[in-house]
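**Q** Sequence:
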Amino acid sequence: MHPLTGDMYIAVVVVVVAAHFAYIAYLVVGGFVALRWSRTMACHAFAVAWSVVSFTGHLNCPLTGLERWGRAHAGMAPLPPDGFIAHYITGVVYPSGWSGPVAIAVFALVAVSWILVFGWHARRRTVEAKSERQAHGLSEITG
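With the sequence shown counted from 1, adding 508 to any position gets you the numbering used here.
Where hints are given, some of them may not hold.
Claimed, not checked - Between beta-carbon pairs, the in silico distance windows are:
#	residue 1	residue 2	range
1	Pro586	Thr634	41 to 47 Å
2	Ala530	Gly627	26 to 32 Å
3	Pro586	Arg631	28 to 34 Å
4	Arg631	Gly599	31 to 37 Å
5	Ala533	Gly605	21 to 27 Å
6	Arg631	Ala585	48 to 54 Å
7	Gly605	Arg632	39 to 45 Å
8	Asp515	Arg547	18 to 24 Å
Worth flagging that the hints you see were computed from the coordinates, not collected in a lab.
Cβ atoms here follow ideal geometry from the backbone N, Cα and C, with glycine treated the same way.
From just these sequences and the hints, can you work out the full model?
**A** Below, the structure written as structure tokens:
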């Protein structure tokens, strides 16, 4: 088996960075995605749970570890000790001192999306139950 070439390690890094950005985007908007595709809610709940556990427990993200590995083998500069978010997002997407407010804003967006999802499902169940009762009542009258 041939070891990966430098270009292959760079490709690994690029794919991992893209996956990391996709994960963060899904974390922020996944609840709203579940308004359209309700089956994705379990996946979003897992993404939120992992983020909360890793953030509060200061756990290392496996994607960051994989990026560090790829960078080292590709001869690229290492990520800073604070990892992916510190390198690609903090100070780039939002100012360095805004980490706390940004985390609160993300939490608020997730909470709003979940309230909308669960409210929509509760309303839908109520409408379906009412429709079923009406249909059942009509069949007794006409039957």
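**Q** Within 31 to 37 Å: is that where the Cβ-Cβ distance between Arg631 and Gly599 falls?
**A** Given a distance of about 42 Å, which is not inside 31 to 37 Å, the answer is violated.
**Q** Are Ala533 and Gly605 spaced within 21 to 27 Å by their CB atoms?
**A** With Cβ atoms ~23 Å apart, the hint holds.
**Q** Should the hint that Asp515 and Arg547 are 18 to 24 Å apart at their CB atoms be regarded as holding?
**A** violated (38 Å)
**Q** Mind checking the hinted window 26 to 32 Å against the Cβ distance between Ala530 and Gly627?
**A** holds (27 Å)
**Q** Between the beta carbons of Pro586 and Arg631, is the distance compatible with 28 to 34 Å?
**A** The hint (28 to 34 Å, Cβ to Cβ) is violated, given that Pro586 and Arg631 are roughly 50 Å apart.
**Q** Are Gly605 and Arg632 spaced within 39 to 45 Å by their CB atoms?
**A** Given a distance of about 43 Å, which is inside 39 to 45 Å, the answer is holds.
**Q** Check the following: the C-beta atoms of Arg631 and Ala585 are separated by a distance inside 48 to 54 Å.
**A** holds (52 Å)
**Q** With 41 to 47 Å as the target window, see if Pro586 and Thr634 comply at their CB atoms.
**A** Given range 41 to 47 Å: violated, Cβ gap about 54 Å.
Going down the numbered hints, you'll see the structure goes against 1, 3, 4, 8, while the others check out.
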